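In the order they appear, the protein sequences are chains W and R.
The first sequence begins at 0 in numbering that gives the first Met the number 0 and counts up by one.
The second sequence begins at 0 in numbering that gives the first Met the number 0 and counts up by one.
Source of the hints: derived by calculation from the structure; they are not laboratory data.
Keep in mind it's a predicted model, so treat the numbers as computed, not measured.
One should not assume that every hint holds.
[Claimed, not checked] To give a feel for the contact side, a few chain W residues facing chain R, derived at Cβ under 8 Å:
1. Asp37
2. Asn38
3. Thr41
4. Thr50
5. Leu129
6. Val150
7. Leu377
8. Glu404
[Unchecked claim] Covered by chain R, per the in silico footprint, the following chain W stretches (three or more residues, Cβ under 8 Å):
9. 105 to 119
10. 177 to 185
11. 256 to 269
12. 292 to 300
13. 304 to 313
14. 340 to 347
15. 397 to 403
[Unchecked claim] With beta-carbon atoms standing in for the labels, derived distance ranges:
16. W:Thr424 <-> R:Glu172: 33 to 41 Å
17. R:Ala243 <-> W:Asp428: 49 to 57 Å
18. R:Asp211 <-> W:Asp428: 53 to 61 Å
19. R:Glu172 <-> W:Arg158: 16 to 24 Å
20. W:Lys278 <-> R:Gly120: 32 to 40 Å
21. W:Glu250 <-> R:Asp281: 29 to 37 Å
22. W:Pro120 <-> R:Asp118: 25 to 33 Å
Ideal placement from N, C-alpha and C gives every residue a C-beta, glycine not left out.
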Amino acid sequence: MPKSACLAALALLVAAAPLAARAKVDDPALRTRVTTLDNGLTILTLPDPTTPAVSFQMWVKVGSRDEARYTGLAHLFEHMMFRGTDRLPPESHERLIESRGGRVNAFTTADHTVYHADVAPDALPLVIELEAERLAHLHIDEATLASEREVVLEERRQRTEDQPTGRVFEALLNLSFMAHPYRVPVIGWRSDIEQVSVAVCRDFFDTYYAPNNIVVSISGAFDEEDAIARVRRAFGRLERVEPIPRNPTREPPQRGERRATVYFDVRSPILAATWHAPKSGHPDGEALDVASLVLSGGRSSRLYRGLVYEAQQALAAEGGYWELDDAGIFYAFAMVRPDGDIARVEKLFFAETDRLRDELVPEAELAKAKRQIEVSLLRGTATAHALGSRIARDWVSFGRIRPIEERLAAYRAVSAADVQRVARTYLRDEDRNVLHLVAPAAGVSLEEPAAPAPAAPPEGRQDPAPAPGDGR
Amino acid sequence: MRGALHAAIALALATALGGCAALRPKPAWELPPPPVAEGPVVPQERLHRTTLENGLELVVLEDHGLPRLEIGLLLRRGAEIESPDEAGAVALMADVMERGAGARDALALARAVEEIGADLGVSAGMDSVSVELSGLSADAGLLFDLLADVALRPRFDSREVARARAETLAGFEQEKDNPSALLGRQLAATLYDGHRYGLSVSGAPGPVARLDAAALRAVHERLFVASNAIFYAVGDLSEQEAVAQVRARFGAWAAGAPPPPGPPPPGPTPPARRVVLVDRPDLGQAQLALAHEGIARTDELRIPVSLMNTILGGGGFLSRLMSRVRADEGLAYGIGSGFALRRHPGPFVVSTSTRAPEAGRVVGIVLEELERLRREAPSRDELRNARSLSAGRFVLGLETSAAIAGSLVELDVYGLPPDSLDTYRTRLNEVTLEEVHEAALRLLHPDRIAIFAVGPAELLRPQLEAFGPVEVVKP
């Protein structure tokens, strides 16, 4: 780097004073009102009359980690929540909201299942009633389950089986967790999706979709008193369920590096690695986030500089702290160039993660990473949807809403020594999991050996024929 | 109306009587959706427009809600100005612009941006190029400096050009690992062979391999002239300050003349049904697309066409394709249709993916639905729902000031009326069933549509032969 540019960079750094000194953060989330109904349902309300939208979100405290026998059940069940009630035919929920101009969807993670709708203010009563309707009167039958099962299998093919990155992600979690249910992909294994029955779905619903296991957040343009009254009326009759069962399995300490190879027809091999890290909310979290940014916060970050720019061996490289409610991992990922060498990429890759343990991060790099985090925290309050997600997620994971100022203070307190300490604590060689996705070696066949057809499950269909009675 | 009144009375009674079951209000879903509201959506009181002496247009949208600032420069031409044998020059130019500008080389520029937590993006499209920078309003001066450097004084160091070029070339290879990227490339190549639309914005290996710093400088000189540009600033900054900042850095920028837009692609394409298979024997799914020419961004029929498309496959679970293929038959995770609205007619595309043994069935259903939309006008309810969905998504899509400013400058790229956002919902309401049907008749051509599939050709060929002559290509 020329000297003049170096000086310029230094001057800029001095100019970049801490955020707090220059901008007072008005955190709207602090105005959230919390209402708890007698049946345990929590309602978080955060009105903002200046936006044209209102976001209604229902966070259910159940995810793939709670599945007992059928993997993928939490996600498949999320799909079934759109397939009608005793009074409403399948897909009515989303069609009614879309026909009023709303956006509606849902997603499932290892920890949570989230249903969300963003609508114009006059459609909020409809959304509340529809949500309560499916909680009280969800209808699941053989026909709707059979066709939805096929939809989920297509989702699995599209996002996981036919995608190199999907294959990596699935195998990586499986390699990283030997015992904890986080080892299972959220979408589940094919065999299980194929065999889930109506009875299994109903049982899952009765166990986890209880008001005391649900947090509702409403943010944006709406009348707070009216909305709370409507939720109370619509959800108040649901019955509390005690206790909500939780999976007891915890990950035992790892005793040595684990490696795996996945074959896929690719030109660009993929390298991925993980280390075990603490769960969400742990005091080491901020230092791990800072380490993430040092590794992969833009074109001046270490993995980009080292692997993509200097060595020209990778098309992309990044790493970061991924926090879940029960455990965390620190991951790193590189897409190797078709003309690159995966062994060389691996060496460079671990040289960068080792460097976090071996050397203190220079002040300038530390300040840059912290500033990037500070600015990104502000962005999370720009829309009604983003705010609604933030308050609900904080509530289900931490039982409170973490003020931005508190989080900023925690990040500001991170020192170079903290980053080194967490790198030494967590990024240990004996706790490392390394995965290579590469094109199959010559002579390797990926054809599945022919197997006898599995016995039909007691309920449900396995063939891809159209579901009977679905010809609406 | 009667329904609403009835419900209102029932609600009042129910409240008065403490929720007596017999008088409980009708469920909200039994009420018809309200008519689409009309009226302006652009906050004129916060919006300021100016044109500098050199022709540079300036849009400022003040929003003091967060201490943030987003600024950008949009050029009203893009990869369209390239001939097919220089395809990729504009995209590579954009890539290298992020790798050093003014006094800063690649690393110094990246550090300068990242040290203030800002985000810089230079991106190339077919019809425009944008240079965008967002950060904290407290850093306004530096943000404007950096943007001006990147836009006006990119370095195009030959070392950086070589690196970026090698990455782009490696990227072309890597794309072949991605079924949907393979599909997109094949679709463009088949529909627009010989025209710039026949390649993606990033171009193709042959021409990209020939690009050097001089070529990128030349394309930058053609595009980056004040008369071809519009500047926007959104966020925590006053109009006066924004104008002063822009004038100080862009006031002396030469007006120049915008390069002429690229030529339109030849008319209807393809002339006849054809089936193109990209062979990926390892895949479990077939990535499918059905495509032919569509309409331009400025086409007079664009509102009826968009409503027609919403009914067909652009309207979530209300759309006919989603209803049949996903909800009824469980054949796909998603299916959608859309018109690529560019300066000249881009493709109309229906796309989905399904397990390979069902590809033929899905193609058959799509063709049936295209025929049906031509055969008979949609129902009144379908039109009402499509209007409501379009209007609703439109309003939700303009929730942030940055989104409003982005939509305003997009109109400018195509020379569309600046009040288009404010009149949009009125125009939706004016569309009749006959116009939607007419749009389907004029623009959907299932008889000569091209069918594309990426997947195991051996399994796909027998299913798709019935739809037209089959051609198999290797990725």
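How the hints compare with the structure:
Taken as an interface hint, Asp37 of chain W does not check out: its beta carbon lies about 16 Å from the nearest beta carbon of chain R, beyond 8 Å. Restraint check, Asn38 of chain W versus chain R: the minimum CB separation of about 16 Å is more than 8 Å; hint violated. Checking Thr41 of chain W against chain R by beta carbon gives a least distance of about 22 Å; that is not within 8 Å, so the hint is violated. For Thr50 of chain W, the suggested interface contact is upheld, since its CB lies about 6 Å from the closest CB of chain R, less than 8 Å.
At about 7 Å, the closest approach between the beta carbon of Leu129 of chain W and any beta carbon in chain R falls short of 8 Å, and the interface hint on this residue holds. Of the supplied interface hints, the one on Val150 of chain W holds, with its beta-carbon coming within about 5 Å of a beta-carbon of chain R, less than 8 Å. With a cut of 8 Å, the hint placing Leu377 of chain W at the interface with chain R holds, because the nearest CB-to-CB distance is about 6 Å. Checking Glu404 of chain W against chain R: minimum C-beta separation of about 14 Å lies over 8 Å; hint violated.
Chain R is given as covering the region 105 to 119 of chain W, and this holds because 3 residues of the stretch bring a CB closer than 8 Å to a CB of that chain, at least three being needed. Evaluation of the coverage hint for the region 177 to 185 of chain W: breached, as 0 residues show C-beta separations to chain R shorter than 8 Å, against a requirement of three. Chain R is given as covering the region 256 to 269 of chain W, and this holds because 5 residues of the stretch bring a CB closer than 8 Å to a CB of that chain, at least three being needed. Counting residues of the region 292 to 300 of chain W whose CB lies closer than 8 Å to any CB of chain R gives 5, so the stated coverage by that chain holds, three being the minimum.
With 4 residues carrying a beta carbon less than 8 Å from a beta carbon of chain R, the region 304 to 313 of chain W meets the three-residue requirement, and the given coverage holds. Residue count for the region 340 to 347 of chain W with a Cβ under 8 Å from a Cβ of chain R: 0. That is fewer than the three needed, and the coverage hint is violated. Evaluation of the coverage hint for the region 397 to 403 of chain W: breached, as 0 residues show C-beta separations to chain R shorter than 8 Å, against a requirement of three. At roughly 39 Å, the beta carbons of Thr424 of chain W and Glu172 of chain R sit within the given window of 33 to 41 Å.
A beta carbon spacing of about 56 Å between Ala243 of chain R and Asp428 of chain W agrees with the range 49 to 57 Å that was offered as a hint. About 44 Å separates the C-beta atoms of Asp211 of chain R and Asp428 of chain W, a value inconsistent with the hinted range of 53 to 61 Å. At about 23 Å, the beta-carbon gap between Glu172 of chain R and Arg158 of chain W stays in the expected band of 16 to 24 Å. At about 34 Å, the CB distance of Lys278 of chain W to Gly120 of chain R agrees with the hint of 32 to 40 Å.
Checking the proposed 29 to 37 Å range against Glu250 of chain W and Asp281 of chain R shows it holds: the Cβ atoms sit about 33 Å from each other. Distance hint check for Pro120 of chain W and Asp118 of chain R: the Cβ-Cβ separation is about 32 Å, which falls inside the suggested range of 25 to 33 Å.
Taken one by one, the earlier hints fail for this structure at numbers 1, 2, 3, 8, 10, 14, 15 and 18, listed in ascending order.
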